[in-house]
Amino acid sequence: MNVSHEWLKAFVPHTLGAEQVRDLLTAHVATVEGFERLRADLASFVVARVVETEKVPDTKLSFNKVDDGSGTLLEVVCGAPNVTLGAMYPFARSGTMMPAGFRIEKKKIRGFTSNGMLCSARELGLGEEHDGILELQTNAAPGTSLLSVLPIGDVRLVVDVLPNRPDLLSHIGVAREVSALTSVPMRSALDAMLPADADGAAAGRAVVVGEAQRHATQGASGGATVRRDDPDGCPQYLGAVIRGITVAPSPQWLRERVEAAGVRSINNVVDVTNVVLHGLGQPMHAFDLGTLADQTVVIRRARAGETLKTLDGVERALTPEMTMIADAQRSIAVAGVMGGQESEVTDTTTDLFLEVAYFDPQRTRQTRRALGLSTDASYRFERGIDPQGLETAMRTAIALMVAVAGGRLDGNIMATGAAPAAMTDVSLRAARVAKVLGASVSSVEIRQYLEGVGFGVRGPGIGGRVEVGDGDEDEEFLVSAPSWRRDVSRDVDLIEEVARLHGYDRLPDTIEAYRPTTVPDHPLHVTGRRVRDALVAAGLCEVRPMPFVKGDDASHWRVTNPLAEDEPHLRTSVLQSLASRAEYNLTRMTGDIRVFEVGSVFLGKGLAHGVGTGTVDEEVRVGVLLMGARHPRHFADGASPAIDAWDAKGLAERLARAAFPGAPIAVEAGEDPALWSIGASGRMVGTVCRVSLDAPVWASPAFGIEITLGAMPVAPVAAPGASGHAGVRPAVALPPVPVRYAALPTTPAAEFDLALLVPDDLPAGDVERVLRTSGGEMLERLELFDEFRGAGIPDGMRSLAWRLTFRHPERTLRDKEIDGRRSQLLKSLENQLGVKPRTA
Amino acid sequence: MTLDDFKSAAESLRTDGPPQIAAAATLDAWTDVRNALVGRTSGRLSELMTALGTLPKEDRRDAGQLANAVKQELEALLEAHHVELARAQQLGPAIDRSMPGRATWQGTVHPVSLVIDEVIEIFRELGFTIALGPEAEHAWYNFGALNFPTDHPAMDMHDTLYLDDLVLRTHTSPVQVRTLQQYPPPIRILAPGNVYRRDFFDPSHAPMFAQIEGLVVDEGITFADLKATLTRFANRFFGATKTRFRPSYFPFTEPSAEMDVQCGVCKGSGCPVCKQSGWVEILGSGMVHPAVLENAGLDSERYTGWAFGMGPARTALARHGIPDIRILYDADVRFLEQFAR
Chain A
1 MNVSHEWLKA FVPHTLGAEQ VRDLLTAHVA TVEGFERLRA DLASFVVARV
51 VETEKVPDTK LSFNKVDDGS GTLLEVVCGA PNVTLGAMYP FARSGTMMPA
101 GFRIEKKKIR GFTSNGMLCS ARELGLGEEH DGILELQTNA APGTSLLSVL
151 PIGDVRLVVD VLPNRPDLLS HIGVAREVSA LTSVPMRSAL DAMLPADADG
201 AAAGRAVVVG EAQRHATQGA SGGATVRRDD PDGCPQYLGA VIRGITVAPS
251 PQWLRERVEA AGVRSINNVV DVTNVVLHGL GQPMHAFDLG TLADQTVVIR
301 RARAGETLKT LDGVERALTP EMTMIADAQR SIAVAGVMGG QESEVTDTTT
351 DLFLEVAYFD PQRTRQTRRA LGLSTDASYR FERGIDPQGL ETAMRTAIAL
401 MVAVAGGRLD GNIMATGAAP AAMTDVSLRA ARVAKVLGAS VSSVEIRQYL
451 EGVGFGVRGP GIGGRVEVGD GDEDEEFLVS APSWRRDVSR DVDLIEEVAR
501 LHGYDRLPDT IEAYRPTTVP DHPLHVTGRR VRDALVAAGL CEVRPMPFVK
551 GDDASHWRVT NPLAEDEPHL RTSVLQSLAS RAEYNLTRMT GDIRVFEVGS
601 VFLGKGLAHG VGTGTVDEEV RVGVLLMGAR HPRHFADGAS PAIDAWDAKG
651 LAERLARAAF PGAPIAVEAG EDPALWSIGA SGRMVGTVCR VSLDAPVWAS
701 PAFGIEITLG AMPVAPVAAP GASGHAGVRP AVALPPVPVR YAALPTTPAA
751 EFDLALLVPD DLPAGDVERV LRTSGGEMLE RLELFDEFRG AGIPDGMRSL
801 AWRLTFRHPE RTLRDKEIDG RRSQLLKSLE NQLGVKPRTA
Chain B
841 MTLDDFKSAA ESLRTDGPPQ IAAAATLDAW TDVRNALVGR TSGRLSELMT
891 ALGTLPKEDR RDAGQLANAV KQELEALLEA HHVELARAQQ LGPAIDRSMP
941 GRATWQGTVH PVSLVIDEVI EIFRELGFTI ALGPEAEHAW YNFGALNFPT
991 DHPAMDMHDT LYLDDLVLRT HTSPVQVRTL QQYPPPIRIL APGNVYRRDF
1041 FDPSHAPMFA QIEGLVVDEG ITFADLKATL TRFANRFFGA TKTRFRPSYF
1091 PFTEPSAEMD VQCGVCKGSG CPVCKQSGWV EILGSGMVHP AVLENAGLDS
1141 ERYTGWAFGM GPARTALARH GIPDIRILYD ADVRFLEQFA R
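Same order as they appear, the protein sequences are chains A and B. Here the first sequence stands for residues 1 to 840, where the numbers follow this note's numbering. Here the second sequence stands for residues 841 to 1181, where the numbers follow this note's numbering.
Source of the hints: derived by calculation from the structure; they are not laboratory data. Source: prediction; values computed, not measured. Using N, Cα and C, we set each Cβ at its ideal position, and we do this for glycine too. Hints should not be assumed to be uniformly reliable.
Said to hold, decoys possible - Computed spacing ranges between beta-carbons, pair by pair: (1) A:Met97 with B:Glu961: 49 to 55 Å; (2) A:Asp199 with B:Gly984: 40 to 46 Å; (3) A:Asp23 with B:Asp1005: 43 to 49 Å; (4) A:Glu780 with B:Glu924: 51 to 57 Å; (5) B:Asp996 with A:Thr510: 53 to 59 Å; (6) A:Thr746 with B:Asn1075: 52 to 58 Å.
As the list claims (entries may be wrong) - If you want the footprint, here are the derived chain B segments under chain A, 3+ residues with CB under 8 Å: (7) 854–860; (8) 872–886; (9) 905–912; (10) 948–956; (11) 983–995.
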């Protein structure tokens, strides 16, 4: 909402500066997010006095000496006929940028140097007057800023009006707040809205508007008829006829007002409707009465298949859900949204039909959305205008219209229907105010605050201060909201009024002792953090990409209204996002990529995991993508080898231990396409896989790890209005199982190596299992340290070498024992697997 | 051999020995020098000892003392030099210490997570725990339970992405109601998480972004609590700074307040960063609307509470000078690696 500082003063004649108004509104009402000096382009102009003047013969020119307050008199050449010795004029020193967009330069004219320009009203963008330079009636000293002398330095305050306060979408609404905060009484709406100049104001006041004629659904006056066939869409409709007007450009004051509100000036008639909208918050419309069939206005639903070309020139398809303004034959405006082109006021219009109405907020909203057309009018109707403000707005509009466009009111205002019912009264206890705010606000103050912004307060007269917790619950007010405040339905709404008018910054801020929460940390937060720490320690970078992917409808949930049709689905795997991010990096020539994310995936659709459940199953997972050099290059080592499957497997084990501390982890050959599946406590929790990327030739292979950390159930906790914890104290999380200390060995170990010929199709894991069982309790460690294929090794075989470490807890092992163990192991390997030692 | 001959031989050993010892650059060379000087069988000292027996008896005492002194001097030098050589061998050969060390890959935490971590850390001190909720959410939790009027302009601030009969949550506030339904008061929680809006991706908007919700519900919780706690948070998070609260509107809080901190760039005098206002908006907050408590099955006369929500991405952009929010989502490794600590 654009608020003109000057216009605001017409409603509340306060004496605050624009900055003070800004700070006051932000602190107590709504945030002023913009502060624009409307004639900032005139900031460098000053007033100057002509101290010598001399006509140049045979020209219109005069040579002048001008005092601009700088201490030196300036020579200025002027072409205007009205230069008067001793008079004050607006002055642009050389170097000044003119509103028209050119710069005043120092110039030589007929031997004189001209050091600036004395300006006319038109040159300053203050009107069309160009008979001569603008003589200023001022006592200000030469050199004073022009803006401080001329009343043209209006400031536009851009107020961020939130959806609960539609009353602030008008100057009158903002003025009510300023009035309450400054204790300066409001002027009447008509006075504040009348032309700013004395003649105009008198002309406006002179317009006589009789009593409105009230009807239920149909009325006629001034030769026009109004019929309200859609009472739901339009509970109240006012019409009036003005005949004999002259459409013309708006007078200066009117143009300034609409432009200060951020609206382009069109003509006197349209500008009056806009000034009523921005001044009083009441959208209105002026139809060219001559274009209306039978001079009849019908408020009805649109007919199926009906169309209307709106003022913006677009042919709109209408539906029967929309409320329309129609004449005897066809629709002429979309109610509350936009007028139609055919009934638009033009230069030749002489008779007007003025509309002031209350359109249903929801209906307006639905129509606006269906048409994709938001206007200043629809914005206000949707949020709710003041239902008691219609007649004032109509009377103001008629007075202004006649004052600026001539003509006369024909007949009376036709008022059909009635305003929606007032809001019910709300009871407010002073003790409740204290309980919510933690502050003592006296009953007197409460009452003052509420009455200041238009609330009616009944109840105790003058009460004492209510202290926090003093139990004085008797003091109860019955509060009725003003017609323009339809957002107040509960006591907390009134408490907010009290709090903001008192001032948030004046309320206390004390930290009280608190009781510990009953809510334990969510286990997925704890796990996620542990996993993240492990991966960062392993040299990986956390990413937070979008979960949108291009999937298929069979296995992926599709966003009903996606932002981008090329990524309409939600991912079923974190690796989907990581793969696309890896490709992004590869196109930027980065090939060393080690990234991870802890985030949600969305399962349950179709065949994503075997069978779809038909509902969204959200899971929190950790995904890892690895590719590129294993280590940063160092001169002493040469190039680092690329990350391979063993890096991925090793990291997967480490990651699984971080995710499921204390649980037995098994990383085993997985089903295609996975390389490995990851198990924790016997449950499959994830996979390790190769990731296929759209990658350049220089890129090394990519590997992925994905582990499910837990489910994030979408199911409701309890039914609406119910709690799921009646009488149940939440379980306290168990402390983690501590690590058990193993006694350090005091006896020496014995080691030997076994190099074995193992067929390619026999997993090394099988060999290890035999070694472990036959190795017995004294086998402390089993380490695979070599794999070799080639010279001396038969085809289809490989040599695998293990180092075995044995230890007896109490004594040194004898050589004979070790040799015995060795031959026993070889025998078991041969018997159970047919594996023989490698010879030579 | 005469005593003089013996003495001059001993003195020459005394003179020759030290430079030879010092010249031994390796442990092997040291062994050779030792053997040559004081070796039991072939060293020059053992030759002297042999010659000692050939001296007249009355000279042997002096000669013996001299030989012993030389022996002790040389052995002391040898011992000291051995220690030196052994240490040098331990240290290895000399290196060019201007050459670079061996690096390892540096892991990093995402800048948005860094902000979330910091916020959590501060609120932990004030007794908050962490609650989470699903990103695919029921419309009731996202809107109805939070007192959003149906088909109302308040919804326009939450342009929603739909998922069949669910929504992608537009804020973390649904976690408020889920938590209140699941646990009895006292409640003091933070709920970090991703939220979704139907906003096109541009330098300052993203269709998905992180939010942090806070909720306190118990008997006797007041607006004074809200102000004090959030001011304390702001002072811990931004350093001692001025804060202000101004009226705002959220359907699920009443009264509602926006908290600003004084602009860190211009210190309140007005600059482009704070759009000339001198203040930077940090979070939205307010007293929990009684309707929200009632929707979670709580007695709104007995319990009061306050809540806040903030967007860590904006803070991350501001504190690191990142000009475009999209960089946070690109996962460009060159960007991520800048956050190594």
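Next on the checklist: If I claimed the Cβ atoms of aspartate 199 of chain A and glycine 984 of chain B lie 40 to 46 Å apart, would that claim hold in this structure?
Outcome noted: Violated: the Cβ-Cβ distance is about 57 Å, outside 40 to 46 Å.
Checklist entry - At a Cβ distance under 8 Å, does chain A reach at least three residues of the segment 983–995 of chain B? => result That given contact holds, which follows from 6 residues of the segment 983–995 of chain B lying within Cβ reach (below 8 Å) of chain A.
Checklist entry - In terms of beta carbon proximity below 8 Å, does the segment 948–956 of chain B have 3 or more residues touching chain A? => result With 5 residues close enough to chain A, the hint holds.
Item to check | Coverage of the segment 872–886 of chain B by chain A, judged on three or more residues with CB within 8 Å | outcome: With 0 residues in contact (Cβ-Cβ under 8 Å with chain A), the coverage given for the segment 872–886 of chain B is violated.
Next on the checklist: Assuming the hint says 49 to 55 Å, is it satisfied by the Cβ distance from methionine 97 of chain A to glutamate 961 of chain B or not?
Outcome noted: holds, 53 Å
Item to check | Assessment of proposed distance window 52 to 58 Å (beta carbons of threonine 746 of chain A, asparagine 1075 of chain B) | outcome: With a Cβ separation near 57 Å, threonine 746 of chain A and asparagine 1075 of chain B satisfy 52 to 58 Å, so the hint holds.
Next on the checklist: Three residues or more, CB to CB closer than 8 Å: is that satisfied between the segment 905–912 of chain B and chain A?
Outcome noted: Per the Cβ count (0), the hint is violated.
Next on the checklist: Against the range 53 to 59 Å, how does the distance between the Cβ atoms of aspartate 996 of chain B and threonine 510 of chain A compare: consistent or not?
Outcome noted: violated, 37 Å
Item to check | CB-CB spacing for aspartate 1005 of chain B and aspartate 23 of chain A relative to the 43 to 49 Å hint | outcome: holds, 47 Å
Checklist entry - Does the hinted range 51 to 57 Å hold for glutamate 780 of chain A and glutamate 924 of chain B at CB? => result violated, 41 Å
Checklist entry - Are there three or more residues in the segment 854–860 of chain B whose C-beta lies closer than 8 Å to some C-beta of chain A? => result Contact hint for the segment 854–860 of chain B vs chain A: violated, 0 residues under 8 Å.
In summary, the structure is inconsistent with hints 2, 4, 5, 7, 8, 9 from the numbered list given earlier, while agreeing with the others.
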